[in-house]
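Novice: Following the hints, position chains L and Z against chain P.
Residue numbers (my numbering), protein chains in the order written: chain P, 1 to 339; chain L, 340 to 779; chain Z, 780 to 1082.
Since the hints were made in silico from the structure, they are not lab data. Treat the hints with caution; some may be incorrect.
[What the hints assert, rightly or not] Selected chain Z positions facing chain L (Cβ under 10 Å, derived; list incomplete):
1) V794
2) S803
3) W932
4) P933
[Unchecked claim] Some chain P residues near chain Z, calculated using beta-carbon distances under 7 Å:
5) F50
6) R57
7) M58
8) Q115
9) E120
10) W121
We treat Cβ as the ideally placed atom computed from N, Cα and C, and that holds for glycine.
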Amino acid sequence: MDIVVCGAQKPFVRGGAEQHQENLVAALEAAGHRVDLVRLPVAWEKGRLFDSPLAWRMVPIDADLVIATNFPSYFVQHPNKVVWLLHQHRGAYDGFEAGASWSDFDWDDVSLEEQRLMTEWDIAALSEAQKVFSNSGVVSRRLARFNGLDSTPLAHPPPLHDVLHPGGFGDYVLSVQRQEANKRPQLLVEAMTRVAAPTRAVMAGRGELLEQLRGQVAGAGLSGRVELPGFVADDELVELYAGALAVVYVPEDEDYGYTTLQAFYAGKPVICAADSGAVLDWVEDGVTGLVCDGTPDGLAAAVRRLAEDPGLAQRLGAAGRERVAGLSWADVVARLTAP
Amino acid sequence: MSTPDPTSAEAVERLRGAGVPAEQPAAPPEPSPEPRRWGQVATRVAGRGRRAAAGLARRGLAPVVRRAEARVGQRVHRMVVDVLDGDPALAQVREVADRGGLDPQRIRERDDTVHSAHVNLELLKGELRHVQSTLDELGMAFAPGTGLAGAGARYAELRESVYALERRLRTAGTTSPPPSSPGTAAADLPPRPRPADGDAPVLSSTLFDYVGFERRFRGDPDAILHTLVDRYAELLSDHQPVVDVGCGRGELLGMLAERGIEVIGIEPDPGMAAEARARGITVHEELAGDWLRSVPDGSLGAIITTHVLEHLELDDMIELLELAVVKLGPDSVFISETPNPASLIVLGNSYLLDPTHVRPLHPSLLAFLCEKAGFRDVRLRFYSPAEDYHLPMTELGEDAPEWARELAGSVNKGFGVLNEVLFGPQDYAVIARTPPAPSN
Amino acid sequence: MTAPVRLAVHIGRDVPDGLNAVLSALPPGVQPVAASEREALPEGVVAHLYCSDVRPRRPVAPYAVWWMAGEDAAPAAGAGVPVLADAGHGRPDDLQVSLRAWPEHARPVLPFTRAGLRRVRELPARLVGESRSDGVSWGVPGEQPAVAARDTWPTLAALASAVVATGEDLWTALAWAAPAVTDAASARLLGLTPGEDVLVDDDPAVRTRLAAGLADDELRAAGLARRGWQAACCRRPAAVAAELCRRLGVRPPAHSTVSGLTAAMDELGTPPHSLVRRRARAATAGLPGAVTSGWRPDREEHP
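Looking at chain P on its own, in the form it has when it is part of the complex (with noise of 0.2 Å):
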């Protein structure tokens, strides 16, 4: 089958989304398929919030199949569209509800009737999808809070997959993420102020907030006790996982993050928030991991319970590895494919 796979791309920046496009696009070529990638650009601010979804309608595009991604390729009109949606305009929709800084949605007339708009443009251009998949069960409950739309969550491997296995429990717990606000780093940060040695913790990851982060671990006396080793190269990385306690995630309203997924894949137990998005449709309290209230002491009594009973870590973490068991691309692409 001839399938042709859409995405949107703000030029010069890469992340999760145009990642997961590619891997997409080599999952569908292994099972056999002709594949391309289509990306437009899109931009994200209320003045030009329309334009690129209205590029996409105009997008001539031949093909079997097409498997639409992200917020707005989903606007590309072909008889046979499935969407596999990452992600909506987070801005008109939960960003403007949570006030989020990154959002440029306000309580004004203006504002409600783009965010009006959006939801029907949203509505129409989804309900013609022969099929509508999201990516995490958050994404699912977001568009049925805000579109009235059905969907039906999709789960597919982490990156490192296939290279990621179970070691021993070891004496520091791991956080692997870009060290950002909605990640909320400093929270382990303070949390390890309250864990006592030699529990430590490696933080993994760069991001806007590296230097900070490791500013705070400096002045709270943790250093040598929390690591902020920056980019950490993948073969290292696996080695990491296998030798975690536990992995310690606690993003604010989280739409997929990976950790979760390849913490199981090396047999860890996660701790993560309750407030956490889609982390919670795979760690469950007490079974995979498990879940804080989200502040420092909580997050040090996970940490500390987890230390003091590696037993514990040992069973949550076997529990998560099952979970994550029956993942795989070829399942993945049979689902999109399917007629």
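Specialist: Below, chains L and Z alone, put in the same frame as chain P:
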């Protein structure tokens, strides 16, 4: 826009401001589902029995024009939006328009009218085709050879053979005469209510009260009488004496006599004959054939018979016509008025209503028989079309669009044809003349 | 000029008003044409619509059937033959046509947007609007409702967390995508699926309770709002015409008199004065002839 947008602050103010009781009378009644349910039942019932022609008649053309107009507004709105969205081509057209060349708005409105008219035309064509095929099926059912054109005649033939069969069956099964009913004047009289030539009984029922039936169904006798006088008195006055075959109570002859016309009545029913005599008219109380045979050849001026021939057997009718030719003088007239079975509504209603009708007598058949009997000049006259039922003609004013007037024209033509076949003249008369006297 | 795409229409008995509306709303470039079994089909017929006792004997082209009110038996479904009917007469999957006028200004406002508008207009966060035969009222569930003028109903239809309405007011509510509660008769009349498009109960007290429940259940309310609105939308003649063409596989010729941008924005439901229309206009203003569909400046007539 006079009303504020419902989501505006102004509209919300109105909502808040109306803390006072709402104006109750302004509340329109809620559309209740009840009428609709009844409506559905009604539609179902109507739908079954309704003929396509009736549907056309009910609607006429006016709604079609309305349909054409209804969509235009909406489409124009869409077009205007399109213009606003700046199809550059239209911008160019607009430029031309600004320089005084074109009015794009009017072009679009015209396009729209054309589109609407097209849809309506197609719908109308579809409806007419349906009517046409329904009528064709009807025609084929009656007369496979000729279709609707020959349906009337074929129907007559069929009825004739059905009745003939029926009579044969009945006479074959009856050995003793049926008991005479108390309503019959005399037991030894032939049990027919109307006079007729020949010997065979016309009406196979001895129980049927024809006089009562006639009073109820034939309509106001006075009006009928005056119509007859208006139609024929002048002609008859030139051809005396006038013989009324089956004169009944002699009403027509009475009025002719009042105009100084010499009249003779033939009426085998003694009761009626007596009533006719009471008007001072000469009435022969016997069968028409018998009486005609008894008078000298060429001695009569005119013979008139109304609503009689359709009660006669074919052979009796032919004999009557042949006798008439012999007994009438040169250039005399024979007039017979009967219901017109070529009008389908007559055939389906009044004709079948009268159980003593032997067969529908198609005008062409009667004309043919008259010709065969020896009349020289045979003419048919048709009276009283069933105008109450006519499909309406549409008349559009000069201001109506050209396409609408064209449409109206062709529909009217079609309706005209349908009116003729379905709701044509209810009565007809044959007026036959004997050959003039040979000149010396 | 490409040959016109034609839809053959077979008519018997009556022409339902809905049929005329649907045919008039066919996409540009698709022409309806009267046809009968007795004569040759005009050129370019790609599909048939039967509004008649006569049904195709040997269907060679895709066809659809109009189910007349009064016909007892449903047309043979299955085999993917689209069935059209008057709203309230057909089955859920049929293309039901409603000739009700679309309320002026109506546009879908889903619960999240409604909540935002209520916040901006300083209305209660939970607000239920109710229309009865004796008037319109609104208020916070559990409190004494306020009476309002009947002509404020569109405002309630656009802003309330949930509404209770029947008949024409329900239609207005659906056009504004209000999560709605109604009675069985109204739902049937508009051909709505109870529990999917609207909540249904014949007891007014229960209806009020259901609406109060919707005001607290954003997820349920959003689903109802979206489905109710789409159900109403797809009963409009133009939507039925478009869906009919889609199901019959009738593709209008690519070149039409409406520019692609406009068509795209219309399909998405863009209001006439929306900013994005102006942006699209501005973006193509410098490119005369870019979307002319074969228009030639030396010709007076638009193709």
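Novice: Does each hint fit the structure? Answer for all of them.
Specialist: To see whether the hints hold, each was checked on the structure:
no., hint, verdict
1, V794, "holds (5 Å)"
2, S803, "holds (4 Å)"
3, W932, "holds (8 Å)"
4, P933, "holds (4 Å)"
5, F50, "holds (4 Å)"
6, R57, "holds (4 Å)"
7, M58, "holds (6 Å)"
8, Q115, "holds (6 Å)"
9, E120, "holds (5 Å)"
10, W121, "holds (5 Å)"
Comparing the model with each earlier hint shows no violations; every hint is respected.
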